[in-house]
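Q: As a plain string of letters, each chain reads:
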Amino acid sequence: MKKLKQVQLDDNQKKENMINIKYFGAIAEVTNCSSENIKKSSSSLNDIIQEIYSKYDLKHIPLKFALNQKIIETTEGIDVNINDEIAVLPPFAGG
Amino acid sequence: MKKLKQVQLDDNQKKENMINIKYFGAIAEVTNCSSENIKKSSSSLNDIIQEIYSKYDLKHIPLKFALNQKIIETTEGIDVNINDEIAVLPPFAGG
Amino acid sequence: MMKKKKNIFIEGAISPEFIAESIAKHQTKMNIGAHNIFLGQVRADEVEGKKVSAIEYTCYKAMAEEKLSEIRERAFEKYDLTCMHIYHSLGNIKAGEICFFVFVSSKRRKQVYVATEDIVNMVKTDVPIFGKEIFEDQDYQWKENTF
Amino acid sequence: MMKKKKNIFIEGAISPEFIAESIAKHQTKMNIGAHNIFLGQVRADEVEGKKVSAIEYTCYKAMAEEKLSEIRERAFEKYDLTCMHIYHSLGNIKAGEICFFVFVSSKRRKQVYVATEDIVNMVKTDVPIFGKEIFEDQDYQWKENTF
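In order, the protein sequences belong to chains A, L, H and X. With our numbering, the residue at position 29 of the first sequence is 29, and numbering never jumps. With our numbering, the residue at position 23 of the second sequence is 23, and numbering never jumps. With our numbering, the residue at position 128 of the third sequence is 128, and numbering never jumps. With our numbering, the residue at position 82 of the fourth sequence is 82, and numbering never jumps.
Think of the hints as simulated: they come from the structure by calculation, not from any bench. Keep in mind the model is a prediction, meaning the values are calculated, not measured. If a hint is listed, it holds; no wrong ones were tucked in.
Derived DSS-like pairs (lysine-lysine); straight-line CA-CA distance at most 30 Å:
1. Lys61/X <-> Lys110/H
2. Lys50/X <-> Lys132/X
3. Lys70/A <-> Lys124/H
4. Lys78/H <-> Lys110/X
5. Lys39/L <-> Lys55/L
6. Lys39/A <-> Lys59/A
7. Lys61/X <-> Lys39/L
Let the sequences and hints guide you as you build the complete structure.
A: See below:
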């Protein structure tokens, strides 16, 4: 039951201009969650990233951003839509 | 019993100045044996090899010689002793 | 046409038996002359007097699968390969266990070594897999690939 | 001190289970981070319309063992390896079966690829192993390594 409510809440949040951010590895440890919805105060990816940086004080951690499963080489001039998937990624350690 | 006699014969042959030659792969097919004793008419490796070449008409087959398990780069100026092992080797095909 | 997604992530360590089965499956392919296999094994590294006892792997699955299918395509374009397979563990992999398996097959051997090396490096740099090195005392540090 | 001769020649094909056992034996070595394995598989090549069904391998054993121990020494001198193993089949190996197995292990991956390639090439050029390619109609031709 609780889970269902959560989904409904997410839908409502989307309507209210929220955007979903995913966190992984060491970053998820800092944010203390693997995913959260934040208010989309701007459509600029750059603004959204600045907001995440300042919310969690991430500037000392080397990290990368992915938009819809693609690494973003430069965050300048990119617009974000409600259904886009933004991910904050610490250094890769596969292999 | 037959095997023992063979060994004794080999010993006698050695006393009588025979030398043992080993043949492998495609060469053993031409010589029709994997090993034979030939009369050591000379102590020069070069002479012995010439003898093998002419006995079996090997000159059209690419081959290498090994003396005591080492490939001989040049046959010139090498002397052979009764107990040495001479091997005639066709191209390698391992792997 | 939807591309068939390959099962790349394995929960837990990659067993020698799994590797043997993968090899056996290729014995019906009569045009293969050379296989090359890379295996990543978890090392019990020492960091400031403490020993790594395991690595806990997680990944960003949607992106990882996307990236791995790009790596597959790039490898088949660059090298003359008959088959290639990539497997990576998720979850807790103990020191001594295998967490990464790259399997390249070709008619002839010439390109299999460099193809394997290239694929291994692409996985290490491009695929969002994260690793937590867990020490014997349950303390940990986040792993970072070096090149 | 006499050097311990390693058992390198295997009568018949090298089975995937044998390879799995070799891998499993290395899982107690906590300083190994990377393995690289090369496998040679018999191809059903077509020569003038006839298909190879098997290769029959023989060798000059005394010299082959000597050469292989030289190759081992050279590989350990040139590369930073933890372990290395070489196995080669003798006798009749059918198309699709594995006849050659080179297994290199190291702390880090950097050198394992080139070490494997180098060892494979040294075995092919320097070790007196002979192969008869047997066709489906029992006709045959002598195999010759190309480089």
